[in-house]
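Engineer: I would like the entire structure built from these sequences, with the hints used as guidance.
In UniProt numbering, the protein residues as written are 1 to 676.
Read the hints as simulated data drawn from the structure, not as lab findings.
One or more of the hints may lead you astray.
With a straight-line Cα cutoff of 27 Å, these simulated DSS-like cross-link-like pairs (lysine-lysine) come out [to be verified]:
id, residue 1, residue 2
1, 338, 357
2, 672, 338
3, 338, 163
4, 357, 195
5, 540, 495
6, 338, 246
7, 163, 195
8, 338, 145
9, 357, 672
10, 672, 145
11, 195, 145
12, 495, 338
13, 163, 246
This structure is a prediction, so every number in the text was calculated from the model and none was measured.
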Amino acid sequence: MALEPVMPELEEEENPELRDFSRRFWWTLPLTLIVTVLAMGGHALNLFHGAAQNWVELALSTPVVLWAGWPFFVRGVRSVRLRSPNMWTLIGLGTAAAYLYSLVATLAPGVFPADFVQDGRIGVYFEAAAVIISLTLLGQILELKARSQTSAAIRSLLGLAPKTARRINADGSEEDIPLSHVHSGDTLRVRPGEKVPVDGLVLEGESAVDESMLTGEPLPIMKRAGDSLIGATLNAHGSLVMQAQKVGSATVLAQIVQMVAQAQRSKAPMQRLADVIAGYFVLVVIGIAVLTLFVWGLWGPEPSWVFGLINAVAVLIIACPCALGLATPMSVMVATGKAASSGVLFRDAGAIENLRKIDTLIVDKTGTLTEGRPAFHSVEAAPGFTPGEVLRLAASLDQGSEHPLAHAIVAQARALGLALSPPEAFESTSGIGVRGQVEGRRLLLGNTALLTDAGVDTGPLQASAERLRGDGVSIMYLAVDGTLAGLLAVADPIKPTSQLAVERLQADGVRVIMATGDGLTTARAVARELGIEEVHGEVKPQDKERLAATLQQQGHRVAMAGDGINDAPALARADIGIAMGTGTDVAMNSAQVTLVKGDLLGILRARSMSVATVRNMHQNLTFAFLYNTLGIPLAAGLLYPLTGLLLSPLIAALAMSLSSASVVFNALLLRKVSID
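Structural biologist: Structure, rendered in C-alpha cells:
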C-alpha cells in the first residue's frame, strides 16, 4: 500500500493514491467495456473478420493493462524481488499471463496448433486482463475510501480544539489570539459557550464544563478556583479565568490523538499470524495454478491448454489474499477511534486483542478506587511535639511531592496560615513516603514500612493510627531526626463508580485484588466497602511488580490499574497495564491502556471493545479463509465434471474485489457497537 500520513490532519487532502487510481479507472473504463462487448458478442455483430478483431482488442486493452494496471505490476515485481509474495504477486501473474498469451496469439498466430483456430483466428483473452485490471482498480478505490473513514475518529478529535483563545494581558486588556500563540503561564478567559483552549487551572469564576467529548462523562462537571481544565472541553455557562499549563503537543487532547494514531499503526498478534499464512498461501496458490494449467492441458477437453490457461488465471485472481491482509488492520483502526470517543485509549493493537483474556485485575487504591483528591482529616503529635509543628514540618517537606496525600497536607497548612520552610533536600521513596531535610532537621514522612526501615518506633501512636484506619483514613507518620514526631490523617473518598465497576468485573469472572502502599487496616476498610476480598497493604513498588509476576507464574492473565509513579513497575510487568488519565505521565507511559476519565468503569468499556473487536477480526479472517477455500477449487475447475461449468477470470476478479470491500465494511460496523 502507499504511504499514509503518520498523523491525519483536520483538513486532510484527498489520498493521492485514491486520486491516481480513480483517474486510471475512469479514463480506461470505456475501453474495458468496449473490449468486453467485442469479446463476448463481436462475432454476432459481424464487425470484423478473422484476426482483425484480435488487433482491435489489442489496441483497446493495451492502455488498460499497461497504463491503468502499471502500479499493480510494479508492486508484483517488488514482491518477488523482496521475497514477500502477496496479492500483487497473484494479480500480476494472472493478468500478465492472460495478456501475454493473447499478445502472442495476435502477433504470431502460427506458433499455435491448428486446433486453436476458431472462426479464422486464435482465441484471445484481452478482455479478461482488462476487466481484471478495472475490477481491481474499483476494489482499491472502494477500499481506500473506506480506509479514509477509519481516520474519521482522529479528525473529529482534532476538530474539537478551538482555533483561538482569549488572552488577558498584564495591563488587564483582552485580545483573541491564535491557539498556537498561547504559552504556558498565560492567563486566559473562557466565556460561556466557548471551548477551553488548552489544559490549565481555574483562577477565578465558577461554571459547569462538559468533558464528555474526551472522557465519556455524560454530565457537566462544576469547576471552581483551583480545579483543573482540559483543553477542547465545553464551558456550558459562567465565565472562567484560567492559567494555561499545558499547550501544543503536551495537552490531553494532543496526547489522545497521538496515542490513537500510534495504536492504528500497530499490528495485532493475530495479524502477524495472518501475514505468515498469507506468505505461504501465495506460494501454494501459484503451485495450484501451475498444476491446474498442466492437468487441464494434458487431460482436459480440447482446446485443453486454453482451458488450462483460463482456469490457472482464475485461480491466481480469486485467491488474492487482499481480504486476509485487511482482516485485522481495518478492525484495529475502527476500534481505536471508537474507544477513544468513549474515553479509552489503547496504546497498540496487542492491548485490544489481549484485554479480553484478562482474568485477574490488581488495583491501586489512591486515585484509582478513590477520588485521588484527599482532604486533610486530623493531626496527632507524639510527646515533645505540638500538632501545629508536626503539620508545618510535614507540609514543608511535602512541597516537593507529587502525591495527592501530600497536596492535602500542604493545602491544610497554607489554609491555617502556617509559615512553610523550603526543603533543603528531598527524596521520594516511591510508594512508601518521602525523606529530606527542613531547617537543618532530617525528616521522614510516610507509612509504617518507611519508618520501620529507618528504625523508628511507631508504637506510641499505633492505637490512634489503627482507630483512624478503621474508618478508611490514610495515615502518614512523621519522624524528626530519628524520633517519632506525630501522625497525619488524610481521608480520600471512594469514587462513586468504583463499587459498580468492581461488582461487574467480578460478575464477569475477573478476580480483583487491591495492592496499595497505604496501611493494611485502611486498605481493608476500603476493600470491605467495595467487596474486594484480597488485599495487600503497605506494599512497595517492587512488591506490586512481584505480585503481578507471581500471578503470571501461576498461569493468570494479569492486568494492573494504577495512577502513580509507584505503580509504573507493575503496570509494565502486567500483561495489560491500565493507567488512570488523571494520574502521572510516568504511569500512562508504562501502560498499554489509558482511561482518560480515570474511572474503573472504563475497564469494562475497554473489555467490551476488546471482545467486539476480536469477534470482528475473527469474522473477517473466517470470511477471507472461507472465500479462498471455496473459490480456489471452483476456479481450478474441480466441479467441471459434475456441472460442466467453469469460473471465468472476470467473475473471479469481481469476487476478489467484493471480498476485500466486504471485509472493510464489516470492520466499519464496529463504529455502531455499544460498549457502555
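Engineer: Hint by hint, note whether the structure agrees.
Structural biologist: Results of checking the hints against the structure:
{"no.": "1", "hint": "338 <-> 357", "verdict": "holds, 20 Å"}
{"no.": "2", "hint": "672 <-> 338", "verdict": "holds, 9 Å"}
{"no.": "3", "hint": "338 <-> 163", "verdict": "holds, 24 Å"}
{"no.": "4", "hint": "357 <-> 195", "verdict": "violated, 39 Å"}
{"no.": "5", "hint": "540 <-> 495", "verdict": "holds, 23 Å"}
{"no.": "6", "hint": "338 <-> 246", "verdict": "holds, 26 Å"}
{"no.": "7", "hint": "163 <-> 195", "verdict": "holds, 10 Å"}
{"no.": "8", "hint": "338 <-> 145", "verdict": "holds, 18 Å"}
{"no.": "9", "hint": "357 <-> 672", "verdict": "holds, 23 Å"}
{"no.": "10", "hint": "672 <-> 145", "verdict": "holds, 19 Å"}
{"no.": "11", "hint": "195 <-> 145", "verdict": "violated, 31 Å"}
{"no.": "12", "hint": "495 <-> 338", "verdict": "holds, 25 Å"}
{"no.": "13", "hint": "163 <-> 246", "verdict": "holds, 16 Å"}
Going down the numbered hints, you'll see the structure goes against 4 and 11, while the others check out.
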